[in-house]
Each structure stands twice: as structure tokens, then as C-alpha cells.
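J.: Quick note, the sequence shown lines up with residues 1 to 833 if you use full-length UniProt numbering.
If you are wondering where the hints come from, they were derived from the structure by calculation, not from laboratory data.
Take these hints with a grain of salt, some might be off.
[As the list claims (entries may be wrong)] With a Cα cut of at most 20 Å, we get these calculated EDC-like pairs of lysine to aspartate or glutamate:
1) K582 to E191
2) K676 to E703
3) K481 to D108
4) K127 to E230
5) K676 to E792
6) K552 to E230
7) K582 to D637
8) K819 to E792
9) K552 to D108
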Amino acid sequence: MTAVDRSGAAPAADTDDTAAVQEKWQAYWDKHDTFRAADAGGDDDRPRRYVVDMFPYPSGDLHMGHAEAFAIGDVIARYRFQRGDNVLHPIGWDSFGLPAENAAIKRDAHPADWTYANIDTQAASFKRYGISFDWSRRLHTSDPDYFRWNQWLFLRFFERGLAYRGGGLVNWCPTDQTVLANEQVVAGRCERCGSEVVRRSLTQWYYRITEYADRLLDDMAQLEGGWPEEILLMQRNWIGRSQGADVHFAVEGREEPVTVFTTRPDTLYGATFFVVAADAPLADELCAPECRDAFDAYRAQVARLSDIERQSTEREKTGVFLGRYAVNPVNGERIPVWAADYVLADYGHGAIMAVPAHDQRDLDFARTFDLPVRVVVDTGQPDPAETGTATSGDGVLVNSGPLDGLAKAEAIERIIQVLAERGTGSGAVNYRLRDWLLSRQRFWGTPIPIVHCEGCGEVPVPDDQLPVTLPDLRGADLAPKGISPLAAATDWVNTSCPRCGGPALRDTDTMDTFVDSSWYFLRYCSPRYDDGPFDVEAVRRWGPVDQYVGGKEHATGHLLYSRFFTKVLYDMGLVDFTEPFKRLLNQGQVILNGSAMSKSTGNLVDLGAEIDDYGVDAVRLCMLFAGPPEDDIDWADVSPAASVRFLNRALRVMTEAGAASAPGTDPGTGDLELRKVTHRTIHQITQLLEVNRFNVAIARIMELVTAARRVIDSGPGAADPAVREAAETIAVTLSLFAPYVAEEGWERLGHAPSVAIGNWRAADPALLVQETVTAVVQVAGKVRDRLEVGPEISAAELERLALASAKVSAHLGGVPPRKVIVRAPKLVNIVPG
1 MTAVDRSGAA PAADTDDTAA VQEKWQAYWD KHDTFRAADA GGDDDRPRRY VVDMFPYPSG
61 DLHMGHAEAF AIGDVIARYR FQRGDNVLHP IGWDSFGLPA ENAAIKRDAH PADWTYANID
121 TQAASFKRYG ISFDWSRRLH TSDPDYFRWN QWLFLRFFER GLAYRGGGLV NWCPTDQTVL
181 ANEQVVAGRC ERCGSEVVRR SLTQWYYRIT EYADRLLDDM AQLEGGWPEE ILLMQRNWIG
241 RSQGADVHFA VEGREEPVTV FTTRPDTLYG ATFFVVAADA PLADELCAPE CRDAFDAYRA
301 QVARLSDIER QSTEREKTGV FLGRYAVNPV NGERIPVWAA DYVLADYGHG AIMAVPAHDQ
361 RDLDFARTFD LPVRVVVDTG QPDPAETGTA TSGDGVLVNS GPLDGLAKAE AIERIIQVLA
421 ERGTGSGAVN YRLRDWLLSR QRFWGTPIPI VHCEGCGEVP VPDDQLPVTL PDLRGADLAP
481 KGISPLAAAT DWVNTSCPRC GGPALRDTDT MDTFVDSSWY FLRYCSPRYD DGPFDVEAVR
541 RWGPVDQYVG GKEHATGHLL YSRFFTKVLY DMGLVDFTEP FKRLLNQGQV ILNGSAMSKS
601 TGNLVDLGAE IDDYGVDAVR LCMLFAGPPE DDIDWADVSP AASVRFLNRA LRVMTEAGAA
661 SAPGTDPGTG DLELRKVTHR TIHQITQLLE VNRFNVAIAR IMELVTAARR VIDSGPGAAD
721 PAVREAAETI AVTLSLFAPY VAEEGWERLG HAPSVAIGNW RAADPALLVQ ETVTAVVQVA
781 GKVRDRLEVG PEISAAELER LALASAKVSA HLGGVPPRKV IVRAPKLVNI VPG
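With the hints as extra help, turn the sequences into a complete structure.
T.: If you want it as C-alpha cells, here you go:
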């Protein structure tokens with residue numbers, strides 16, 4: 001079991017050994033379907049464990065990121081297999097979406113051809129990499145028997161008012177020529193291609209995720225301790241629930257009042273102007289004729305800015321007066337209405353009351369345009385009008401009529417009462433979260449199952465006509481043009497209305513790939529089921545997922561959407577749980593020389609080449625040994641060659657033990673100290689695996705190999721029964737991290753394969769007890785004696801024994817010590833008098 005050692009060390013055996021062993025055990029696992037889950041039910045009363053890895057995009061062969069993420073998930077699944085559990089560890093491909101379509105267009109290929117060829121490549125690589133998948137559960141989201149149920153679920157959401165088509169400002173990627181959900185915009189740029197996103201007013205399809213905002217927040221209590229706190233915090237901030245009030249401002253020349261949301265209604269008396277988002281329809285409506293030219297020019301200027309730029313505190317504030325005045329509902333004061341870029345159209349109602357003394361952005365705007373600044377909260381800080389710094393802290397209300405002298409909480413409660421009594425406002429909750437924009441102007445996705453009829457409007461495609469499949473379009477130009485390529489497929493677009501039978505047009509947008517991944521873990525439970533998206537009873541037996549593994553970059557996208565889908569399905573009676581994943585483990589990144597790997601920069605390590613050089617086990621082992629799973633791994637700092645050398649040592653121990661003794665040998669007569677090391681190793685690794693400290697578990701296996709080697713090289717050698725016990729423990733524990741070496745070693749130990757299933761050992765409590773501990777006794781900082789004592793010895797007793805030591809007495813010279821420091825049971829430090 002060796003491979004190329006780039007450090008220059010000579011290999012210990014022919015490099016073909018590694019490939020031959022890998023092929024041998026791949027063939028065995030395939031033939032015996034080793035990792036297939038038993039259908040949960042019947043007489044099988046084993047504990048059920050459901051382990052899911054975030055499934056891959058088929059954008060090419062596996063890369064180093066896949067190598068880490070799937071090795072982590074595999075350790076967790078293999079540990080449960082070893083414990084004798086009935087484990088479901090499936091695999092599938094997130095095969096619709098922009099990455100696959102863009103790659104296919106670049107290569108002048110059809111997305112289906114490109115996608116399925118890559119799936120076959122990745123599947124072969126997964127098998128080579130030794131992942132314990134149940135291949136019978138394999139699915140692809142671009143298969144009609146999968147996306148049929150995307151459409152079925154869409155129609156159920158549509159019936160419940162949770163899927164709708166509406167107009168408004170959306171994120172537009174000028175490169176991919178499609179809209180993006182808010183969650184797909186990172187720092188003002190498309191997360192896929194990095195292009196700067198612009199805002200457009202379009203009519204699109206949405207899922208009404210905001211209907212579930214409170215439940216998405218409140219149900220996080222179920223996830224505490226099982227999900228990383230960082231992810232929960234990111235979701236809380238993304239949903240952004242704020243308590244406050246809706247306040248109705250009358251606007252001169254407008255019949256209906258304009259409502260604003262504020263978290264500080266107590267500062268209403270300090271509102272000295274009113275701001276509307278420049279790109280909101282309200283700004284266009286309120287603009288007076290004499291201000292039209294200035295406003296139109298300003299709005300065109302704002303359209304070129306990203307949301308990130310607009311909200312930057314570094315930018316100078318810009319705006320334009322709209323020629324209108326609003327009326328402050330608490331004091332009747334007329335305040336000017338401005339359009340500005342620092343207010344966003346999709347925040348609250350797209351308008352704010354500006355309180356410049358107590359909000360820095362409002363103050364900056366007021367100073368730019370010479371607008372009044374009125375202090376209404378006395379915080380003990382200098383006047384903002386003079387310092388240019390808003391006072392945003394709590395304090396006592398001033399210049400606020402009936403609120404004067406009240407603290408913040410009391411003032412908020414009182415002003416909400418006043419607003420309600422006058423009919424000019426009420427308590428309210430606002431959310432940062434916006435509805436999920438799911439439609440895309442691209443070809444490679446699930447067609448939206450709606451037809452548009454001039455007489456009937458939006459009409460659902462009947463269930464018995466699902467799936468609505470994509471037209472072939474081979475040879476057609478699929479390059480993004482701002483409208484879906486499906487619009488050009490007139491034979492496909494033109495249809496009849498299911499309701500009236502008249503002419504109708506199919507919707508030409510497709511669903512975003514995040515729809516596919518929002519429920520795939522449920523389909524895994526019954527991937528060939530044909531009477532619904534999944535077999536409800538199968539999901540009740542397996543779900544929710546016990547352990548989910550994937551990247552934290554999905555915190556406010558896929559993970560949030562999956563939680564939303566699960567809650568809707570719960571309300572539909574299709575699942576009996578409200579959270580999809582009990583535990584979540586986020587892996588770090590694999591980087592090189594401190595930077596992210598990238599083809600464009602040449603900062604790349606080829607996974608296939610590393611496996612060819614070192615073997616699968618060495619690559620897996622060094623990746624898992626590099627640090628905790630959530631930490632980044634710098635490939636420049638790890639050593640596959642060192643892993644090869646360790647694996648060779650481990651295999652030699654198993655080989656020699658197998659040659660010297662037979663299975664079933666009683667270890668009780670073997671080397672006691674080695675037996676203690678073995679059982680401590682079992683006990684410690686079991687504890688470490690429960691908290692995902694795989695690197696430390698590997699270190700314990702290494703220590704056991706060293707201890708076994710020491711006994712082999714002395715005394716009775718490999719024939720010592722304790723050596724066999726240690727070697728078998730090495731095979732069982734190593735199977736989680738280096739499955740090929742473990743299988744080979746298990747066979748050489750005389751056992752029938754596979755080592756992977758149900759072989760976990762229990763540590764003997766009697767061998768975990770430390771009968772004595774060596775206590776070091778120092779005098780003036782130098783070791784003068786060592787005492788063998790019981791591990792439970794008291795500090796007083798240990799001090800007595802230390803002072804009674806003849807060696808210690810000789811160094812004290814009969815003079816009582818000035819100080820004795822005891823750290824029972826391991827240390828006594830004596831300071832001479």
C-alpha cells in the first residue's frame with residue numbers, strides 16, 4: 001500500500017498495489033451492495049440513521065472541496081454502520097441550473113448532454129473515493145420523474161396562496177441575463193458569475209416565504225446545539241424581525257396616506273423631513289410636475305447603483321426634493337418629501353420618516369441639504385447639529401409633548417396608543433426577509449406549470465398533464481438574451497387553456513435550482529415512488545435528517561429554503577416534523593498557499609492526480625487529519641506522503657497479527673499495557689466521533705499502531721493475543737477514514753469482509769481504570785523523586801507522601817519548606833525554607 005512520495009523517499013512497494021486494492025474492494029462493495037439501507041420497517045428494529053451530504057452540481061469531475069466534504073460525511077455514515085445502525089446515506093445530483101447551462105453553452109453542447117456526462121464522471125469518482133453511498137437511491141433533479149414533483153408542489157403552493165406572480169424591483173444579472181433572488185446576491189454581485197447586479201422592475205414568480213418568517217425564527221429553538229450558532233445568527237439577521245410601528249403620514253395632493261415603518265416611533269416629534277426610495281413607484285407618483293426633470297435624471301442615476309453602494313456610509317448623500325409635503329401625524333407639522341438613494345424600495349413600505357438628530361444617515365442627508373435637526377431624546381451627548389454625530393442611544397424624551405420625561409420603552413408604548421386612538425398608526429412587526437423570487441429566464445430548469453389564457457388568466461396545468469417537459473432545442477441558440485430561450489419554441493409555447501379550451505401560452509420561465517434542492521432529501525426516502533413527491537410513510541420512518549453536511553455559504557439560501565419547504569409540507573400533512581435537519585456540520589475550504597483554489601489563477605490542486613500519486617486512503621486521511629472539519633485546510637501544509645507511510649505501518653501490523661494468530665483468540669492473556677491502550681483508544685475515539693473531532697481520533701489510531709508495533713518488536717511479538725486485539729481495533733476504527741487499507745487488513749486478519757458493518761467494539765471499563773499515576777515531586781523546581789500513587793489520592797495525602805520521601809528530605813536538609821504546591825495526583829512542587 002504505497003504511492004509516489006514527492007519528498008524523495010523511496011516507495012516501499014510497487015505503486016500498482018494501491019490501485020489494485022482499491023479496485024478489489026470497490027468491486028466487492030458493488031457486488032454485495034454493502035451500504036444499501038434496509039427499508040425501515042418490518043422486523044428490522046435497528047436504530048435508523050439518516051446522513052445526507054449536500055449534493056453536488058455536475059459541473060465537472062470531483063475537486064478538492066468535494067474530497068473534504070464527502071470524506072466528512074462518509075466518516076459519520078461509516079461510524080453509524082459500524083455501530084450496527086440501519087443507515088441511509090444516499091447520493092444524487094443537483095443537475096438543473098445556471099452552472100450546467102453556462103458550461104454547456106460555452107462548449108456548444110446541449111445542457112442535458114453535458115450534465116449527464118459529468119454525472120457519470122462524478123459517479124465513477126465517488127465510487128473510486130470509497131464513499132459509503134446507497135446507490136439504489138440515486139437521483140438527478142433534471143430527470144422528469146423528479147421535476148414532475150417540483151411542478152406538483154408548485155401547484156399545491158399556488159393553491160395555498162404561497163406561489164404567486166407579481167411585479168416589483170428585482171435583482172438582474174447582466175451577464176447571466178436572468179433575475180436573482182436576494183439570497184443569490186453577495187456584496188452587490190451575482191454569486192454565480194461575479195457580475196454587478198442591477199435593479200429592474202419586472203413581473204416574476206415568487207414563493208411567499210415571508211408568510212413563515214415568524215416560524216422560521218421561532219423554530220430555531222429546535223436547532224440550538226445541533227446547528228452551528230454562526231448559521232443560526234446569519235438566518236436570524238437575514239430574516240431580520242423588528243418590532244415597531246406603522247405610522248400613517250398624510251401627503252398633500254394624495255388621497256391615501258403613506259405608511260412608514262419605524263422601530264423608534266418615540267422619536268416621531270423629531271421627524272423633520274420625509275424620504276421615499278428614488279426607485280419606488282411612490283416617488284414617481286408623488287413627484288410634482290415642476291420637479292419632474294430633476295427627479296427623472298436622479299432616478300436614472302440611482303438605477304446604476306447597487307444596493308450595497310446605496311447603503312454605504314462612506315458615500316455622500318444625494319437626493320432630490322419632490323415638491324410635496326407630508327404631515328407629521330403627532331404635531332401637524334408640514335415636512336418636505338425627498339427622494340433619495342439611501343432608502344431601498346423593498347424595505348418596509350419604501351419610505352421613512354427622517355429623524356436626523358438620532359439617525360446618522362438622516363443627519364448626513366440633513367447636513368447636505370440644510371434641513372432642520374431637532375433633538376427629542378436627551379442622551380447626555382452634545383447636540384448632533386453641532387457635532388455632526390447622531391445620538392442613537394436611549395435616554396429621556398424631550399421636545400415631544402406628552403412623551404417628555406419618559407424613557408424609551410414607556411415612550412414607545414405611549415405613542416403607539418396615541419397613534420391607535422387617532423387612527424394614524426399601530427404597533428407593527430417588519431422583516432428584512434423578502435419573498436423568494438424563483439423564476440429564471442433560462443432554459444435548463446423546471447418549467448413553471450402555468451398557462452396564460454386571455455380569458456382565464458393564470459391557469460394551473462392539471463396534475464395528470466405533469467410533467468411539463470422541456471422541448472429538446474438541440475441546435476438552438478441557448479445563450480442568455482434577457483428572455484427565456486423557451487419563448488422561441490413556439491410549438492411548445494402555444495397550447496390550449498385547460499379551463500376553457502381556448503388558445504393559451506405556456507409560461508416560459510423556469511424554476512431556480514434552489515427549488516430542486518429544497519426537498520430532495522425527502523425524495524431520497526423513496527426515489528422511485530410514483531404516487532407523490534415521496535412516500536409519506538417512508539419519510540416518517542427516516543426523517544428528519546439526523547446529520548447534514550455541507551458548506552456554510554448556503555446559510556441564507558438553500559438551508560433557509562429547505563426549512564421553509566418543510567414547514568409548508570408539515571402544514572399539508574405530508575411530513576410530521578417542522579425542521580428538516582437535526583444536526584448540521586459545515587466544512588471549511590481547501591485552499592492552497594493561503595488562497596482559494598481557482599483555475600483562472602492556476603492556484604489549483606487536481607484531486608485525481610493526488611489520488612493517482614498517493615491513493616484514496618492517503619488523500620482522505622491527510623485531509624481529515626489536518627484539523628477540525630469546520631476549519632480551512634491549506635493543502636500546502638498537509639502531507640499525503642506521510643499518510644502513506646502511516647498506512648503502510650498500520651497494514652503491516654494487521655498483516656503480521658493475522659499471520660501469527662487466528663480470529664477468536666482470547667486477548668485476556670496478552671500484554672496488559674497494550675490492552676489498556678487498545679481499550680482507551682476505543683473509548684476515546686467513540687467520544688471524539690460524537691463531537692466530530694476526526695483529527696484527534698486519527699491521532700489515537702496512530703498511537704495504537706505505535707503501541708502494537710512496540711509489542712510486536714519485543715517479547716512474544718505478533719503472536720501476543722493483545723496484538724491481534726489491537727490490530728482488529730485498528731482495522732475497525734481505520735475503516736472510517738481509510739476504508740481500503742482497513743478492508744485489506746481485516747481480510748489479512750482472517751475475517752470475512754466487510755469490516756465496515758457492525759464491528760464496533762465496546763471498551764472494557766476495567767481496562768480504562770488507571771491503577772496508579774506517577775506523581776512528580778520537585779524541590780526548588782528540580783525533579784527529586786517520582787511516586788506511584790492512586791489516581792484518586794487527595795492533595796493532603798500526596799503532600800504527606802512527598803515530604804516523607806527520603807530523597808526529598810535530603811534536599812530540604814531538615815529545614816521545613818516555605819511553601820508546598822500540590823496538583824493531585826500528578827505534581828508536588830516544594831519551595832525550600
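J.: State for each hint whether it applies.
T.: Here is how each hint holds up against the structure:
no., hint, in the structure
1, K582 to E191, "violated, 28 Å"
2, K676 to E703, "holds, 12 Å"
3, K481 to D108, "holds, 16 Å"
4, K127 to E230, "violated, 33 Å"
5, K676 to E792, "holds, 19 Å"
6, K552 to E230, "holds, 9 Å"
7, K582 to D637, "violated, 33 Å"
8, K819 to E792, "violated, 23 Å"
9, K552 to D108, "violated, 33 Å"
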